[in-house]
Amino acid sequence: MKITLHVWRQKNKSAQGGLKKYLVDEVSPDSSFLEMLDQLNEELIQNGEEPIVFDHDCREGICGSCSMVINGRPHGPEKGTTTCQLHMRSFKDGDAIYVEPFRARAFPVLKDLLVDRDAFDAIQQAGGYVSVATGNAPDANALPIAKEIADNAFNAATCIGCGACVAACKNSSAMLFTSAKVAQLSMLPQGQPERSKRAIAMVEEMDKQGFGNCSNHLECEAACPKEISGDNIALLNKEYVTAVLTSKDKK
Amino acid sequence: MARLSSLFQSSIGKKVFMAITGLALLGFVVAHLGGNLLIYLGQDQLNAYGYKLKSQPVYTLLWFARAGLLSIVLYHTITGIRLTLQNRSAKQYAYKKPTTLYASVGARTMILSGLVILSFVIYHLLHFTFIATDPALQHLVDDQGRHDIYTMVILGFQNKAISFFYIISMVFLWLHIGHGGSSVWQSLGFRFEKYRWVTDNIGPAIATFLLLGNASIPLSVMLGIIQLP
Amino acid sequence: MNLDAKIPEGALEDKWKNHKFSSKLVNPANKRKYKVLVVGTGLAGASAAATLGELGYQVETFCYQDSPRRAHSIAAQGGINAAKNYQNDGDSVFRLFYDTVKGGDFRSREANVYRLSQVSADIIDQCAAQGVPFARDYGGLLTNRSFGGAQVSRTFYARGQTGQQLLLGAYGALNRQIDKGAVKVHTRTEMLDVVLINGHAKGIITRDLTTGEIKRHTADTVILATGGYGNVFFLSTNAKGCNVTAAFRAYKKGAGYANPCFTQIHPTCIPVSGEHQSKLTLMSESLRNDGRVWVPKKKGDNRAPGDIPENERDYYLERKYPSFGNLSPRDIASRSAKEVCDEGRGVGKTGLGVYLDFEDAIKRVGQDAISERYGNLFHMYQKITAENPYQRPMRIYPAVHYTMGGLWVDYNLMSNVPGLHVLGEANFSDHGANRLGASALMQGLADGYFVIPYTLGNYLANETPGSISGEEAEFKEAEDAVRDRIGILSGIQGERSVDSFHKELGKIMWDRCGMARNKQGLEKGIQEIGQLKEEYWQNVRVLGETENINSGLEKAGRVADFLEFGEVMCRDALAREESCGGHFREEHQTDEGEAKRDDEKFCHVSVWGYEGENKEPTLHKENLEYENVKLSTRSYK
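Protein chains in written order, with the numbering used here: chain A, 1 to 251; chain B, 1 to 229; chain C, 1 to 637.
Any given hint might turn out to be false.
[Stated by the list, open to error] A short list of chain C residues far from chain A (calculated; beta carbon distances all over 12 Å):
#, residue
1, S23
2, Q177
3, Y321
[To be verified] Estimated spans, in silico, between C-beta atoms of each pair:
#, chain 1, residue 1, chain 2, residue 2, range
4, B, L37, A, K79, 40 to 48 Å
5, B, S6, C, K180, 18 to 26 Å
6, A, Q46, C, K524, 23 to 31 Å
7, B, I20, A, G80, 56 to 64 Å
8, C, E495, A, K79, 39 to 47 Å
9, A, R89, B, L37, 41 to 49 Å
10, A, K11, C, E616, 56 to 64 Å
11, A, G18, B, W63, 53 to 61 Å
12, B, G224, A, S90, 53 to 61 Å
13, B, I20, A, E194, 23 to 31 Å
14, B, A65, A, S90, 28 to 36 Å
15, A, K11, C, A473, 36 to 44 Å
16, A, S90, B, I20, 38 to 46 Å
[Stated by the list, open to error] Chain A is faced by these chain C residues, among others (derived, beta-carbon under 8 Å):
#, residue
17, S67
18, A128
19, G140
20, P453
21, G457
It is worth saying that the hints were derived from the structure and are not from the lab. Yeah, the Cβ is synthetic: ideal placement off N, Cα and C, and Gly gets one too.
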């Protein structure tokens with residue numbers, strides 16, 4: 001296959017970036033999108049041009065590192081698929097493909113296609129956990145959990161924290177991410193003691209990090225490579241408001 | 001109190017208040033349409049309804065309701081604008097090849113449709129409430145001495161440009177409520193798989209009902225279905 | 001090299017209890033004076049950092065990824081073993097211990113493995129309490145599945161993403177400590193050297209991968225939880241960033257490297273499709289619970305699988321190993337696949353593949369049940385190959401997956417360098433010559449949650465906290481060396497990219513030190529690696545600035561270490577004149593082609609010590625003593 005790429009190149013965080021055109025020839029339809037970029041990078045190195053920088057690691061769709069927008073869509077055209085699992089057979093010979101970094105004020109571009117997603121960690125650090133110190137746990141089967149609840153919690157827990165939801169959102173809202181994290185723990189009995197505190201803390205942190213507001217467009221749900229349900233956002237709305245109205249915390 | 005104010009400032013809180021005020025406005029719009037449709041029952045019914053609204057104690061209550069509505073409109077508008085500005089600054093950069101995966105046209109144009117509706121409301125108030133735009137509509141009285149709303153509406157809509165503006169505005173209202181009428185349930189935390197068919201369809205359904213109901217009046221006037229007494 | 005394993009006295013089942021009691025304690029008020037550096041944030045690193053933070057130590061963690069949550073433990077699919085016996089099928093701590101020792105082909109340390117089995121149950125309790133969404137049955141209790149190399153169902157799982165769920169649990173525990181200020185995280189930071197003061201590990205040198213800043217970090221002790229070295233093969237199931245640098249730097253500073261030739265080739269991976277391939281994708285071993293492995297009986301039979309009648313199929317695992325069948329351990333299943341492909345009976349375009357067929361299982365339990373169990377794996381397979389495994393059998397082939405070898409550690413998980421502790425896949429201790437499925441997650445979390453928090457005191461109690469300033473000559477020396485190396489690598493400006501060298505090294509390793517090894521090949525391999533290494537330092541091309549994000553530079557340092565490490569691996573494989581577990585020497589096999597161990601000469605851990613630039617490393621041995629299990633020929637027939 002022959003592919004024309006328009007790739008965002010940006011030298012560093014403060015530099016002005018722009019799209020640059022590249023031609024890649026002899027692309028195997030069986031190669032992944034990232035392998036196609038590897039191929040391009042190999043050529044760039046041969047030509048003395050710095051290779052394109054992008055985040056990637058596991059290349060099997062679970063670490064959540066890859067973070068590029070392909071033809072305006074985070075992770076590209078295949079539903080429920082991360083960039084690393086996207087294969088060139090999803091494109092046609094002669095296609096022109098635009099490759100841009102995830103965009104959000106809260107995810108500044110550090111170089112080329114690589115963005116800073118520390119804001120997600122900050123949200124998690126604000127309360128996305130159950131406070132149980134090592135060694136204090138009762139027998140795992142002492143607390144039965146209905147399969148339906150466990151399955152629902154699991155569905156929320158499949159979030160890989162890639163940030164495609166933010167990238168797809170016209171407002172760069174992090175609601176789908178935050179809501180999946182809150183939902184998992186608020187559904188499970190283990191998460192009950194800190195339920196209110198967690199919802200408030202995580203939403204406050206999310207707002208502080210400079211994400212936009214949710215407009216219920218559900219672009220996030222459509223872009224999510226793990227197909228996390230937008231219903232979690234409704235759940236978070238309810239959790240948060242209930243928490244603010246009922247919690248005894250000062251805040 | 002501190003808690004409540006943090007609710008007001010948070011992204012979710014703002015959305016929730018947008019939903020609540022939106023719902024209140026939706027309720028008003030639906031009730032208003034109910035009043036409007038009385039025109040099809042004839043001059044007497046419509047004018048009688050108008051007379052009732054202006055007689056005590058309803059009239060005093062009406063002013064309270066108007067004050068409430070006004071503040072709701074103000075909140076809904078200002079917050080809508082603030083949210084839009086915040087959201088734009090949160091995105092900062094548009095993709096070279098923008099795509100939409102799911103969101104409807106209505107969802108993506110809420111601020112536009114909202115502002116069009118706002119300007120419509122202002123005009124509509126000047127047109128039919130304060131009767132400030134057209135001297136021919138002033139001082140109309142029916143044979144029982146009541147304010148002749150019926151004649152006023154028909155005379156008003158005989159102007160094709162005005163009717164057209166009304167109809168276009170109703171299309172924007174349709175867009176706005178088509179998204180808003182469903183979106184409120186998500187904002188208020190009521191969207192589950194089981195009832196999603198209800199919540200996702202209720203907005204477009206109400207919006208369509210409003211569009212048909214409201215737009216039918218200027219159309220009926222222009223087509224001569226409703227005529228001067 | 002001092003290789004005292006410090007195995008506690010007493011009966012096997014009392015050793016850990018006795019050791020915990022006799023271990024030195026650090027007074028709670030003093031704990032906060034000690035600084036611990038934890039390198040790596042996978043299951044072992046994150047759980048250790050979180051737990052040590054909870055105990056009150058000052059902890060700093062480092063990871064090369066942009067978030068601790070992305071460490072490669074996240075990709076583990078199948079499950080985690082624990083001797084809970086929830087299924088009432090006869091499991092026990094001893095049975096898990098025995099299976100693990102046997103699965104490792106009697107090349108692991110008894111006491112360590114027993115301790116692992118003992119704490120395994122606590123891990124499940126801990127993770128369940130954190131909200132890890134393990135699979136449950138309709139009664140709400142945890143459910144289990146069976147896994148290769150075991151005849152009981154002791155594997156806990158979370159669909160096909162157990163690793164992600166466990167890591168998110170540990171990441172949650174870590175976040176809690178970060179929130180409290182007990183742990184500080186350095187993301188996008190790579191450790192490039194360990195610093196020894198008076199022979200003790202007292203700090204590290206790092207490079208900030210965003211700014212290129214080289215920095216010294218002082219500590220009272222250093223913990224490496226930096227994973228395995230599978231990427232020495234270039235193509236493996238490891239994440240692209242996984243590397244041996246941290247462990248290899250420690251080796252160069254005197255830490256012994258144990259059993260580096262023990263690498264696990266996982267039997268169920270998606271076959272290579274072409275030259276462009278950058279990594280291999282694992283299909284969880286749990287698939288072998290329901291899938292049947294077969295190849296055509298005839299050579300070069302290229303009919304579609306559905307057209308090959310039952311009597312022309314060879315279900316070779318069921319045929320050769322009737323009692324374990326498709327659930328034979330990984331090394332055996334992998335080698336059998338290689339055998340049938342070598343015979344010319346492999347399937348797919350390349351002929352390097354065997355079928356994993358779900359037809360019978362779908363007939364038996366229905367497609368829904370299969371989808372419930374393996375839905376995401378089937379989905380992933382379809383993504384990669386564009387074939388529907390519900391309708392057409394999967395094609396699988398072995399791929400490098402896990403490395404049992406690692407830095408040598410004693411019972412306290414401390415290497416022979418005082419103060420340098422090593423956890424998880426980065427150490428060598430628990431899996432012998434072959435790891436059983438679902439044991440890696442168990443070991444990582446055991447080390448981090450339940451072992452190091454107790455054993456760390458044995459080292460720290462004798463140390464004065466905060467005695468290191470970072471201004472010592474050793475720090476300056478190490479920092480200068482790191483800077484020099486970066487300068488040299490980026491200054492070569494040769495003709496070839498780092499990846500091209502890495503691919504070439506990978507090919508050498510796979511051909512010479514892969515699934516089957518022999519003396520001649522290994523010697524050739526050592527020679528080839530030597531030449532490649534020489535060319536590397538003259539002809540590698542690293543572009544871009546050193547004080548900016550520079551993926552080429554990052555890779556260049558890692559591949560430089562892989563090149564040296566590959567040689568140590570080959571030397572280890574050459575020295576081990578026996579076949580055991582994942583290490584198969586063609587010269588040492590039975591008439592039936594099974595691995596032939598030599599317990600008389602090789603029942604030991606081979607520990608390699610660095611002797612200096614371009615010098616052959618020296619081999620040291622820790623003899624393995626089996627007091628509780630009888631060394632027997634491993635049979636899965």
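Against the structure, the hints come out as follows:
no. : hint                           : result
1   : S23                            : holds, 15 Å
2   : Q177                           : violated, 9 Å
3   : Y321                           : holds, 29 Å
4   : L37(B) <-> K79(A): 40 to 48 Å  : holds, 44 Å
5   : S6(B) <-> K180(C): 18 to 26 Å  : holds, 23 Å
6   : Q46(A) <-> K524(C): 23 to 31 Å : holds, 29 Å
7   : I20(B) <-> G80(A): 56 to 64 Å  : violated, 35 Å
8   : E495(C) <-> K79(A): 39 to 47 Å : holds, 42 Å
9   : R89(A) <-> L37(B): 41 to 49 Å  : violated, 57 Å
10  : K11(A) <-> E616(C): 56 to 64 Å : violated, 45 Å
11  : G18(A) <-> W63(B): 53 to 61 Å  : holds, 59 Å
12  : G224(B) <-> S90(A): 53 to 61 Å : holds, 58 Å
13  : I20(B) <-> E194(A): 23 to 31 Å : holds, 28 Å
14  : A65(B) <-> S90(A): 28 to 36 Å  : violated, 57 Å
15  : K11(A) <-> A473(C): 36 to 44 Å : holds, 37 Å
16  : S90(A) <-> I20(B): 38 to 46 Å  : holds, 44 Å
17  : S67                            : holds, 5 Å
18  : A128                           : holds, 4 Å
19  : G140                           : holds, 3 Å
20  : P453                           : holds, 7 Å
21  : G457                           : violated, 15 Å
Checked against the numbered hints given earlier, the structure breaks hints 2, 7, 9, 10, 14 and 21 and satisfies all the rest.
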